[in-house]
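These protein sequence lines map, in sequence, to chains A and B. For the first sequence, UniProt numbering gives the first residue as 1, with consecutive numbering after it. For the second sequence, UniProt numbering gives the first residue as 1, with consecutive numbering after it.
One or more of the hints may lead you astray.
[Claimed, not checked] Simulated crosslink set (DMTMM-like; lysine to aspartate or glutamate; CA at most 20 Å straight-line):
id, chain 1, residue 1, chain 2, residue 2
1, B, 189, A, 144
2, A, 29, A, 6
3, B, 189, A, 93
4, B, 189, B, 106
5, A, 181, A, 214
6, A, 29, A, 64
[Unchecked claim] Label-pair distances were calculated between CB atoms; the ranges are:
id, chain 1, residue 1, chain 2, residue 2, range
7, A, 109, B, 123, 39 to 49 Å
8, B, 138, A, 55, 52 to 62 Å
9, B, 303, A, 109, 32 to 42 Å
10, B, 14, A, 148, 38 to 48 Å
11, B, 84, A, 148, 47 to 57 Å
12, A, 190, B, 4, 34 to 44 Å
13, B, 312, A, 55, 46 to 56 Å
14, B, 171, A, 111, 16 to 26 Å
15, A, 58, B, 88, 46 to 56 Å
16, B, 310, A, 178, 38 to 48 Å
17, A, 148, B, 3, 31 to 41 Å
18, A, 142, B, 115, 30 to 40 Å
19, A, 189, B, 88, 54 to 64 Å
20, B, 9, A, 196, 41 to 51 Å
Calculated from the structure, these hints are not laboratory results. The structure presented is a predicted model; accordingly, all values stated were derived computationally and were not measured. Glycine is no exception: its CB is placed at the ideal position from the N, C-alpha and C atoms.
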Amino acid sequence: MSTLLEARGLRLAFGGVKAADGIDLSVAKGEFLAIIGPNGAGKTTFINMTTGYLRPQGGQILYDGADITGRRPREIVRRGIARSFQLPQLFSEHTVEENAALAIAARDGIWSPLRPLLRPAWREEARELLDRFGLLPIADRRADALNEGTRKLADIAMAVALRPRVLLMDEPTSGVAASEKMAVVETLARVLRGAGVTAVFVEHDMDVVERFADRVAVWAQGRIAALGSPAQVLADPEVQRNVIGIGRPGRAGVEGPAHA
Amino acid sequence: MTLRRTEILLALLLAAALILAALSTPWLRFVLTIALAKGVAVLGILLLLRAGQVSFGHALYVALGAYAVAFLAPSMPEASLLLPAAAALAGAVGLLVGLFVSRYREIFFGMLNLALSMVFYSVLEKLYHITKGTDGIRVPAITVLGQPLEGATYGWAVFGIALALAFLFGLFVRAYLASPMGQALAAIKTRETRLDFMGVSPRQILLSAYVLSAVMAGCAGALIAMATRHVTPLLAYWTASGELVFIAVLGGAGGVLGPFLGAITFELVRVYAAATVADAWQMILGTVLLLVILFARGGIWGLVASWLGRRRAA
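Build out the structure end to end from the sequences listed, making use of the hints.
Below is the structure:
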């Protein structure tokens, strides 16, 4: 498998806190990579650096062979790296359908002042996309009138609408009701595998990681503490002691606090 | 969908009412011409309001358009050339200023616009040798499509041009607001950073709307110069900018008829209030604005739209 995204010696510190302390990681084309680790380990910082929101103080990010370190978010998105957010970032005054259509417009041509956003082609694509995410029944609802789980899915749908080659998701299942979590993950896996998207996602729920990830990277204090298949990594006593307690009390050696 | 179609019908009815009013009461023709011109300028304010931004300096572009007419008319006294020239000048300055102010939001955006318009006001006032200072400049007779017109015929011609431009820009802004560029303006208001993460520059979206708003304000200024035949620095004064925002709030930012309903109401209230209670007309306008803000947040257009909605539902 060929490498699509690669971090080499990424470093970034906020004051004295090292959010990235020499991160080396390569993600293969088509792979689903989970990032786990305690809060404050630098998981979101990695996403923020990869998508151009934060500029690393050292190291390189390579995408498809090209150095994208320190490029702006807009340019990185246009190259094919999209992201979703831990707190859904929706346009709250627009409907779910319009949110999706705006993402499609951003991809295909926002600069058309006279043709409507909800033109037949984009509307059809938006509804087809929402249907894949099971969001079609609420397509006409305003984004600020949705529950947390649905907002989360809509947020990811907007990123998928950009047709990225790499999708970075920050806790895709947080806020989703426990009973719906697996259904959401199945939906996500189906959509992303169907579109051939490479996915990197931060996750606290180890059941989700086991079901969804091809590989798991364990973050600890800005470093990658362990990397491997879910079975291998999650069985590691060190990882169990330090990380897994948070997501799966039944199996953990240490009771961790429930994540935010 | 139906409301959008009703909107066109209402616009036609409003136009017919304006023509009838101008026919029955000749002095109203002038008042309504000014109201239509200001309505065109307020369309631009409405675009910026969609992005959550308020400009307290758009009189700058109105004055630019008006002075463009005053300076060019002696050598080129043709309305069909003066209007595009005024629009182009306002648009060009709007682009330059916009490149700067589109970096800022909210109070900074509003105040920077205010500051720039006041700089222009001072320039108009101080450069007496060029602008004749506060005396202003008289605009010579202007031809319309090569026809030298006088008196009432000229007044009707300018009224007709104002009405036509109001329709043209109204239809354009209506389409623009429904387009991705217009919808992205509202996205700037609610979640600007997401646009960046979708590969779209919020600054360029705002800049496009800003240039458009400058062009429309420039056209409004040209119309005002043609109607009043006299331009003064007061056109650029901050109260003139405030008036545009006032009209936008009064008329309502929910639809393109709002600015025109607001401008017509504003001018009529001003004329009648000034005639009956000369010293208190500002107080009357202030009270009207207060009532709108307290009881009709959607402005006059909001009242009309909800009334239409209730009728349809009934």
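Against the structure, the hints:
no.	hint	verdict
1	B:189 <-> A:144	holds (14 Å)
2	A:29 <-> A:6	holds (11 Å)
3	B:189 <-> A:93	holds (9 Å)
4	B:189 <-> B:106	holds (10 Å)
5	A:181 <-> A:214	holds (18 Å)
6	A:29 <-> A:64	holds (9 Å)
7	A:109 <-> B:123: 39 to 49 Å	holds (40 Å)
8	B:138 <-> A:55: 52 to 62 Å	holds (58 Å)
9	B:303 <-> A:109: 32 to 42 Å	holds (37 Å)
10	B:14 <-> A:148: 38 to 48 Å	holds (45 Å)
11	B:84 <-> A:148: 47 to 57 Å	holds (53 Å)
12	A:190 <-> B:4: 34 to 44 Å	holds (38 Å)
13	B:312 <-> A:55: 46 to 56 Å	holds (54 Å)
14	B:171 <-> A:111: 16 to 26 Å	holds (20 Å)
15	A:58 <-> B:88: 46 to 56 Å	holds (50 Å)
16	B:310 <-> A:178: 38 to 48 Å	holds (44 Å)
17	A:148 <-> B:3: 31 to 41 Å	holds (32 Å)
18	A:142 <-> B:115: 30 to 40 Å	holds (37 Å)
19	A:189 <-> B:88: 54 to 64 Å	holds (55 Å)
20	B:9 <-> A:196: 41 to 51 Å	holds (50 Å)
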